[in-house]
Amino acid sequence: WQIEISFDTQIRDLLLLVFFSTIGLGAKFRLLAEGGKALALLLAVAVVFLVLQNTTGVLLALAFDAHPGYGLFAGSISFAGGHGTAIAWGAEAEQAGLVAAREIGIAFATFGLIAGGIIGGPIAERLITRNKLHPKATTSATAAVAADTADGADPLLRTDDVLRTILMLAICVGTGDQINRLLFAQGVLLPGFLTAMLVGIVLTNLADLLARPLNEPAIDLFNNVSLHIFLAISLMSMNLLVLSQAFGPMLLVLFAQVSVMTLVAVFIVFRVMGRDYDAAVMSAGFAGLGLGATPVAIGNMQAVTGKYGASPKAFLVVPLVGAFFIDLANALVIKVFIASPLLQ
Numbered sequence: 001w002q003i004e005i006s007f008d009t010q011i012r013d014l015l016l017l018v019f020f021s022t023i024g025l026g027a028k029f030r031l032l033a034e035g036g037k038a039l040a041l042l043l044a045v046a047v048v049f050l051v052l053q054n055t056t057g058v059l060l061a062l063a064f065d066a067h068p069g070y071g072l073f074a075g076s077i078s079f080a081g082g083h084g085t086a087i088a089w090g091a092e093a094e095q096a097g098l099v100a101a102r103e104i105g106i107a108f109a110t111f112g113l114i115a116g117g118i119i120g121g122p123i124a125e126r127l128i129t130r131n132k133l134h135p136k137a138t139t140s141a142t143a144a145v146a147a148d149t150a151d152g153a154d155p156l157l158r159t160d161d162v163l164r165t166i167l168m169l170a171i172c173v174g175t176g177d178q179i180n181r182l183l184f185a186q187g188v189l190l191p192g193f194l195t196a197m198l199v200g201i202v203l204t205n206l207a208d209l210l211a212r213p214l215n216e217p218a219i220d221l222f223n224n225v226s227l228h229i230f231l232a233i234s235l236m237s238m239n240l241l242v243l244s245q246a247f248g249p250m251l252l253v254l255f256a257q258v259s260v261m262t263l264v265a266v267f268i269v270f271r272v273m274g275r276d277y278d279a280a281v282m283s284a285g286f287a288g289l290g291l292g293a294t295p296v297a298i299g300n301m302q303a304v305t306g307k308y309g310a311s312p313k314a315f316l317v318v319p320l321v322g323a324f325f326i327d328l329a330n331a332l333v334i335k336v337f338i339a340s341p342l343l344q
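Residue numbers (my numbering): 1 to 344.
Among the clues, some could well be false.
[Stated by the list, open to error] Listed below are the simulated DSS-like cross-link pairs for lysine-lysine, each with C-alpha atoms no more than 30 Å apart in a straight line:
# : residue 1 : residue 2
1 : 307       : 132
2 : 132       : 28
3 : 37        : 335
It should be emphasised that the hints constitute simulated quantities derived from the structure, not laboratory data.
All values derive from a computational prediction rather than experimental measurement.
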């Protein structure tokens with residue numbers, strides 16, 4: 001007998017919309033001002049890196065005589081984007097005819113998490129020892145910001161905060177769906193998660209403008225819960241057997257992307273961010289961010305600062321880029337690549 005188990009993924013699709021809505025609700029424009037010049041510089045580097053990551057992936061896909069669309073899954077969709085972005089775009093790609101795009105994306109995202117955590121520390125250590133760098137003295141206020149970021153300070157939630165956040169998420173999902181329907185009628189096709197995220201950006205900044213800011217711990221709670229359940233359902237429904245024949249090329253892609261990430265961290269991030277101790281710590285964080293996720297970036301920086309000393313600036317800037325802005329930049333870069341003649 002041949003038995004095949006399948007899972008109902010309807011709730012998974014809803015959780016995907018909720019997750020990206022929380023990303024939008026966390027993207028506050030005022031954070032751009034708080035991060036200052038360092039945040040703007042790292043954002044610019046991140047955009048350049050996303051383009052390089054996708055270019056590398058597309059070139060490798062062409063070298064393997066595969067559809068260039070797979071190159072985006074060997075690029076920023078999976079590595080910089082992570083599991084959530086890989087699964088979201090995977091569903092879109094499979095509808096367009098790219099077989100097993102979701103499984104490939106999940107595999108690359110998993111490899112990226114591991115690789116990002118491995119290379120970050122050695123990159124920073126080499127930069128610190130080679131350039132004889134030392135941490136700067138910091139003010140207590142700046143150190144407090146870094147401590148909160150590193151330790152994940154999480155104040156108690158009230159029922160009102162949770163209910164208000166649920167309402168905002170419902171508005172994001174519902175309004176995003178209506179916008180998608182209107183755009184589709186005009187011949188414009190956008191992924192549902194992208195419009196939900198854009199609605200979230202408008203809502204959170206409008207709330208700030210009206211002096212009624214949303215509760216960030218509540219948003220973080222729904223972000224984590226929706227992502228974890230979403231990933232659990234997605235991983236349970238994966239068919240890993242379809243990847244067995246592509247294992248060799250996937251390892252080559254991983255090696256290429258790790259090499260690109262290392263070169264960018266050492267020769268671009270470190271130099272652009274000031275060639276000092278903070279820049280070295282940010283290079284480690286950027287390696288975790290570009291291949292894995294924000295928690296990997298923070299883990300890398302904690303490992304470095306635990307050995308060499310504090311870097312409040314790094315703990316302020318890198319999480320801001322990772323938690324709020326890189327997903328927005330990545331979505332735009334991906335859309336530009338999809339619209340290019342090469343992928344048509």
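Results of checking the hints against the structure:
{"no.": "1", "hint": "307 x 132", "verdict": "holds (14 Å)"}
{"no.": "2", "hint": "132 x 28", "verdict": "violated (37 Å)"}
{"no.": "3", "hint": "37 x 335", "verdict": "holds (27 Å)"}
Hint 2 from the earlier list is the only one contradicted by this structure; the remaining hints agree with it.
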